[in-house]
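Visitor: Heads up: the protein sequence lines correspond to chains A and B, in order.
For the first sequence, my numbering gives the first residue as 1, with consecutive numbering after it.
For the second sequence, my numbering gives the first residue as 319, with consecutive numbering after it.
In case anyone wonders, no lab produced these hints; they're calculated from the structure.
Keep in mind that this is a model prediction, so the values were computed, not measured.
Relax, there's no trap hidden among the hints.
Over 12 Å on every C-beta distance to chain A, these chain B residues come out as not near it, computed from the model:
#1 Ser338
#2 Arg339
#3 Gly358
#4 His391
#5 Leu463
#6 Glu505
#7 Leu521
#8 Lys558
#9 Gln559
#10 Arg572
#11 Arg587
#12 Asp609
#13 Leu627
If you only want the chain A side, here are some residues facing chain B, beta carbon under 10 Å, derived:
#14 Gly7
#15 Asn10
#16 Leu11
#17 Tyr12
#18 Ile14
#19 Glu66
#20 Leu68
#21 Asn89
#22 Asp119
#23 Phe121
#24 Gly131
#25 Ala133
Within a straight-line C-alpha distance of at most 20 Å, the following computed SDA-like cross-link-like pairs (lysine to any residue) qualify:
#26 A:Lys240 x A:Arg140
#27 A:Lys116 x B:Arg418
#28 A:Lys223 x B:Leu402
#29 A:Lys116 x B:Thr426
From the three backbone atoms N, C-alpha and C, an ideal C-beta is built for every residue, glycine too.
As a plain string of letters, each chain reads:
Number of protein chains: 2
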Amino acid sequence: MHAVPDGQPNLYGIIREALSRAGKGLRPALCLATCGAYGGNIENALNSAAALEMLHNAFLIHDDVEDLSETRHGSPAVHVEHGLPLAVNTGDAMQALSMRLLRENVRTLGPETAWKIFDEFDHLLLRSLEGQAMELGWIRNNEMLLDTGDYIRMVLLKTGWYSFIHPCRIGAIVAGRGDRDLTPFNEFGLLLGLAFQIHDDVLNLIGTGAYGKELSGDLYEGKRTLMLLHLLENSDAFEKQRMTGILSKARQYRLPSEISWLYGLMRERGSIDFAQSASREFLAAARQFFDSAYRDCPENEHKTFLRQLMDYIVDRDR
Amino acid sequence: MHAVPDGQPNLYGIIREALSRAGKGLRPALCLATCGAYGGNIENALNSAAALEMLHNAFLIHDDVEDLSETRHGSPAVHVEHGLPLAVNTGDAMQALSMRLLRENVRTLGPETAWKIFDEFDHLLLRSLEGQAMELGWIRNNEMLLDTGDYIRMVLLKTGWYSFIHPCRIGAIVAGRGDRDLTPFNEFGLLLGLAFQIHDDVLNLIGTGAYGKELSGDLYEGKRTLMLLHLLENSDAFEKQRMTGILSKARQYRLPSEISWLYGLMRERGSIDFAQSASREFLAAARQFFDSAYRDCPENEHKTFLRQLMDYIVDRDR
Numbered sequence: 001m002h003a004v005p006d007g008q009p010n011l012y013g014i015i016r017e018a019l020s021r022a023g024k025g026l027r028p029a030l031c032l033a034t035c036g037a038y039g040g041n042i043e044n045a046l047n048s049a050a051a052l053e054m055l056h057n058a059f060l061i062h063d064d065v066e067d068l069s070e071t072r073h074g075s076p077a078v079h080v081e082h083g084l085p086l087a088v089n090t091g092d093a094m095q096a097l098s099m100r101l102l103r104e105n106v107r108t109l110g111p112e113t114a115w116k117i118f119d120e121f122d123h124l125l126l127r128s129l130e131g132q133a134m135e136l137g138w139i140r141n142n143e144m145l146l147d148t149g150d151y152i153r154m155v156l157l158k159t160g161w162y163s164f165i166h167p168c169r170i171g172a173i174v175a176g177r178g179d180r181d182l183t184p185f186n187e188f189g190l191l192l193g194l195a196f197q198i199h200d201d202v203l204n205l206i207g208t209g210a211y212g213k214e215l216s217g218d219l220y221e222g223k224r225t226l227m228l229l230h231l232l233e234n235s236d237a238f239e240k241q242r243m244t245g246i247l248s249k250a251r252q253y254r255l256p257s258e259i260s261w262l263y264g265l266m267r268e269r270g271s272i273d274f275a276q277s278a279s280r281e282f283l284a285a286a287r288q289f290f291d292s293a294y295r296d297c298p299e300n301e302h303k304t305f306l307r308q309l310m311d312y313i314v315d316r317d318r
Numbered sequence: 319m320h321a322v323p324d325g326q327p328n329l330y331g332i333i334r335e336a337l338s339r340a341g342k343g344l345r346p347a348l349c350l351a352t353c354g355a356y357g358g359n360i361e362n363a364l365n366s367a368a369a370l371e372m373l374h375n376a377f378l379i380h381d382d383v384e385d386l387s388e389t390r391h392g393s394p395a396v397h398v399e400h401g402l403p404l405a406v407n408t409g410d411a412m413q414a415l416s417m418r419l420l421r422e423n424v425r426t427l428g429p430e431t432a433w434k435i436f437d438e439f440d441h442l443l444l445r446s447l448e449g450q451a452m453e454l455g456w457i458r459n460n461e462m463l464l465d466t467g468d469y470i471r472m473v474l475l476k477t478g479w480y481s482f483i484h485p486c487r488i489g490a491i492v493a494g495r496g497d498r499d500l501t502p503f504n505e506f507g508l509l510l511g512l513a514f515q516i517h518d519d520v521l522n523l524i525g526t527g528a529y530g531k532e533l534s535g536d537l538y539e540g541k542r543t544l545m546l547l548h549l550l551e552n553s554d555a556f557e558k559q560r561m562t563g564i565l566s567k568a569r570q571y572r573l574p575s576e577i578s579w580l581y582g583l584m585r586e587r588g589s590i591d592f593a594q595s596a597s598r599e600f601l602a603a604a605r606q607f608f609d610s611a612y613r614d615c616p617e618n619e620h621k622t623f624l625r626q627l628m629d630y631i632v633d634r635d636r
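Only chain A is shown next, with the shape it has when bound in the complex (with noise of 0.2 Å):
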């Protein structure tokens, strides 16, 4: 893994550690696939694709320092393992190195198409930072007063850009088709990870051991899923007063018997199936709008990949 250095093993060690967990690698997928879509060479697209997937991972990272979440992938945290201190300086070096990666372009694209994808990255990155500013401020303000389009609001700035509309975009570019609009990707990614994070919402829910979080870990982190968004419309005054103290308390004091309450409220509404009926008509739109943002690419190894990622989005379990 020639993008990680070697060296001071409290640093390029743990990114080593970080990187070697099973990861989907959904990211790097959809931008070597929607270059190969495009008739692009896929060598092409190999450090944007590693720099998305080494972000990626540098999100993970400070995400699991933010919720507290104590696993990933099926293994303890980074900052349960070596430490807040040291998790919290890995994410770091993983973000500068996904640049690191970003400035090989220059001399595999050339100068202007490497600048390009910087600022696609400019973009996703802060749009990322943005929606995990947006939904913490939500836990620590305990906002109760949300609806269906904040959660999307939400999503599309905090997983929508980086983990699907830029990934494609990228794609597109390194083939060559960065001059053409590119703004039908950003539809068909939004619905994409819309289907995608309420599925995996779901999971976190409802999911098998395969699924590599602690279950109702969103439960306990305080998230505002669209699960409780739906439960919080779907609920008496005196239900919603229990939630609104349930959900006000520091994460270390929320009891198991006041989570077992809220899941099984959730299930007695109805608010998981809605949830699990949301993302399947996400999907079915984000289909739709796949055959548009792929239209003039011929049908080929890679769309048929694409469209083979999208099922799987929906059918995982983990």
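Following the hints, position chain B against chain A.
Guide: For chain B alone, coordinates are given in the frame of chain A:
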């Protein structure tokens, strides 16, 4: 401040607040003055200088999280004011915004020089994070077998590159010196950085109210300062054992009486005097290297300012 976007108060609001606190502006000053000393147009160095200051503030926010420091520039640290999750997220965004400022260099300096400065940033970023990992590892493992050579190596990595060496190098590059040998700045910056860091560590012990951090914070944090290493070399077996015991405890379990004992012993063994005279010696050496690093600069107001800045570094009380 157009370097900070509008919107998202839980992100950009916090960044504005952090940047508005009185910092010394040392890194931008070194960068701009070096550019001016070499006859460059200072305006051309503004983006790079702002990027240095932005990144420095990102480091401060994450450092305070990692060290659990409570005050910064006389105010509560960002993680004390806004909580740890938003503090981590804000630092990430400031690292991203510093890269965005470098992107501006393409427009003002052309792509070749812009990439050269990008490479300087790539180097200073990773070196700083390696130095931080080294220091955090020492604290984490309660490392006691360290000597002054380890300290110098750590300061070079953690502070030397980003605060001294690269600000000067970048100033020279903006002034059109990018093709010359820039290594004389490395020696000069390392020596000035050592003078600065040791003086900073001394201020942490014996500073006045003007110093914006909690006094003796480094002792509570178990920082391996030059004074601590000097004391280790000048204590008997019983004292060494007691020091190891105190330093092995988590920060919150270190008692004020233990910190007083450490401080008193440092006074008694001359560790603070030793550090103060080391700082002065490094400064004297830096002055000699200044003359050679800047020897082909004419005597102008910028060169005069740089000389004053060297004096300030060991005379300041904050």
